[in-house]
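Undergrad: Each chain, written out:
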Amino acid sequence: MTEDVNATPPTQPLLEIRDLYASVDGHEILKGLDLTVNAGEVHSIMGPNGSGKSTLAQVIAGRDSYQVTSGTITYQGKDLLALKPEQRACEGLFLAFQYPVEIPGVTTSYFLKSALNSIRKYQGLDEFDAADFLALVKEKMRLLGIDEQLLHRAINEGFSGGEKKRNEVFQMAVLEPRLALLDETDSGLDIDALRTVADGVNRLRSPERAILVITHYQRLLNYVVPDYVHVLVDGRIVKSGGRELALELEDKGYGWLEREAECTLVSQ
Amino acid sequence: MTTTPAAIEAWASSRYKYGFVTPIEADTMPPGLSEDVIRLISAKKNEPAWLTEWRLKAYRHWLTMSEPTWQNVHYPPIDYQAIVYYSAPKQKKQVGSMEEVDPKLLETYRKLGIPLEEQKLLVGVAVDAVFDSVSVATTFKEKLAESGIVFCSFSEAVRNYPELVRKYLGSVVPSSDNFFATLNSAVFSDGSFAYVPKGVRCPMELSTYFRINAAATGQFERTLIIADEGASVSYLEGCTAPMRDATIKYSTIQNWYPGDEAGKGGIYNFVTKRGKCLGRNAHISWTQVETGSAITWKYPSCILLGDNSVGEFYSVALTNHYQQADTGTKMIHIGKNTHSNVVSKGISAGHGQNTYRGMIKIGHGALHARNYTQCDSLLIGDQCGAHTFPYIEVKNSTAHMEHEATTSKIGDDQMFYCNQRGISKEDAVSLIVNGFCKQVFRELPMEFAVEAQKLLAVSLEGSVG
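Taken in sequence, the protein lines are chains A and B. Numbering of the first sequence is given in this note's numbering, commencing with residue 1 and proceeding in unit increments. Numbering of the second sequence is given in this note's numbering, commencing with residue 269 and proceeding in unit increments.
No wet-lab data here; the hints were simulated from the structure. Here the structure is a predicted model, which means the values were calculated and not measured. Among the hints, a few may not be true.
DSS-like, lysine-lysine: derived pairs with alpha carbons at most 30 Å apart [claimed, not checked]:
id, chain 1, residue 1, chain 2, residue 2
1, B, K409, B, K435
2, A, K138, B, K706
3, A, K78, A, K239
4, B, K604, B, K629
5, B, K677, B, K435
6, B, K325, B, K313
7, B, K706, A, K121
8, A, K84, B, K435
9, B, K598, B, K466
When you get a sec, could you build the whole thing from the sequences and use the hints?
TA: Dropping the structure here:
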């Protein structure tokens, strides 16, 4: 009886990263990173350029040019590092890319329908036919205030920076991931686009889901209020706190934390 | 290279789906070529004396020619005496209706997904099916006849419309045109014949389907499509001669056996396709999707003779394993205000070699001629090759020419983007390749476009390891 309860502890984190080391082209970028994200939470990862923020996003999503040299990532109780990128996506992981790529000739509509049906198939659900799919995407577009023309354009081809980021958020809204990673989705956006992005993220918030917002600035956090803020410096999380930490960073910059991190390393 | 190796391997190891042989009793001649063989072919088909002479003349000319060597493909010398030039399924009597056709034959076409029987009504495609060397049945003949359209096998046309055949045979591709076309003139066994009279718009897509069943058999088909003044016809899968204001749209998907993974075996496809825009405002559009054959040698061309005539060429050629393709088009501008448009999409994978060869010729009198050529290559893996040989010859200073070319690879970042959205590696390759080909696919008639997409996807079947 009691063992049943232990088998599925209600407190199991959605994502648990332990002592993660990762490198790209032989350069070590992540150096012992720890992070725990529970369902229902919004976390923000902040940090100076080159601290490893994007590397973290790419490693979680499974990009093969990043090598994990040690450490573990557990997602919904599973060994995430053992899964292929497409399996991770089908398990509910979504990455909004910092630089979304163009795929000439493939319409957003066709692309997204392929994605949605791959995921549904994996999860044992019926695939959406054209009518169901159209109803779904139109609803999401209406909610996010995105022009339907987008569906007929080749994915990201000739899109402005803002359009690409909006498109990422639109895809996220349609795919409804369990864990969403946003890699600097706010960079280079005007205020309207920033609101669209924030709106998309806020609509996704729910007790079953978690969101990891990677950002350089605290601007987005005015609209998407995080439960936790972590500061990444030189491949490790050097400070964690609440919403107020982001404001402090905006005020003081990263310098004091970098110096603090160096001191920690020296004393070790 | 790290890009998509698993997906490429899966593609590389997928087998030819149509490699079945139908056990049908055949009337097959022994291999070899001589004047006697040609007379025998002609006699078997009850041809009139003028046609027998036409064949013999071509044969005698062929003997003086040598095989071309300029193309960018490599193959061991062909022994023309080892080829069977005639193989026909044995049938008890002349076929009068669909019900009389050998069920085994129909079964073969069913396997191929050809809408020959009841499906023909649903799909609305008139099909002329050529099995090895003879045309087996033509569907929808009666319905077409109501509009005065002739669509039948070449042999039937020779019997029933000898004056039409005699008038147009060799008018676009003369019997002395080139090595392969001349050989075809000597030994052609069957093919399709279409004639659309003045002012008639052909109410349905006309279609011919070719299949080689008997081993070591050469299929020498010859097709002739004539659109008279103001007529319009769309033909799926030959030669053409439209008159004034006439339109011919010719679409083809070629999926011949490409040989095995090591490049052994496979069909050699040496084809001459040409359209002649004879009158004012004539319009010829070629659309081809080439996915099969060990070797493809094919340049569907347009002679733009009539003023304001338009020639178009849309092509997708895919080479995988050790396949080689040397394909493209010739646009010969002779009339005034003639336009041509060329869009070529070459995809190379495995050890495939893909060559685009195109010639745009603007004659002295071709005032204000225009050409636009776009030539794109997509490379998958790092063992394949893409080559482009554009020839441009302009003899009139009012001509306007544009040539654009790109070469690209499926990028790691494109693959990762798809994977991150839940799309598997092989589906991602198929998605990206289909996107690359879109400009051509949208020129295809609906059911063909679907077929073409499926064909590319089928090449990627067999899950990633």
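Undergrad: The structure should be examined with respect to each hint, and the outcome stated for every one.
TA: Consistency of the hints with the structure:
Among the hinted pairs, K409/B with K435/B is consistent with the structure: their alpha-carbon atoms are about 22 Å apart, no more than 30 Å. For a cut-off of 30 Å, the pair hint linking K138/A to K706/B stands: about 24 Å separates their Cα positions. Between K78/A and K239/A the CA atoms are separated by roughly 27 Å; this keeps the pair inside 30 Å, and the hint holds. Note on K604/B and K629/B: the hinted pairing holds, with a Cα-Cα distance of about 13 Å set against a maximum of 30 Å.
About 49 Å separates the Cα atoms of K677/B and K435/B, which puts this hinted pair outside 30 Å; it is violated. For the proposed pair K325/B and K313/B, the alpha carbon gap of about 18 Å is at most 30 Å, so the pair holds. Of the pairs offered as hints, the one joining K706/B and K121/A holds, with about 26 Å between alpha carbons and a cut-off of 30 Å not exceeded. With a CA separation close to 64 Å, the supplied pair K84/A and K435/B exceeds the 30 Å bound.
Between K598/B and K466/B, the direct Cα distance comes to roughly 27 Å. Compliance with the 30 Å bound is thereby established for this hinted pair.
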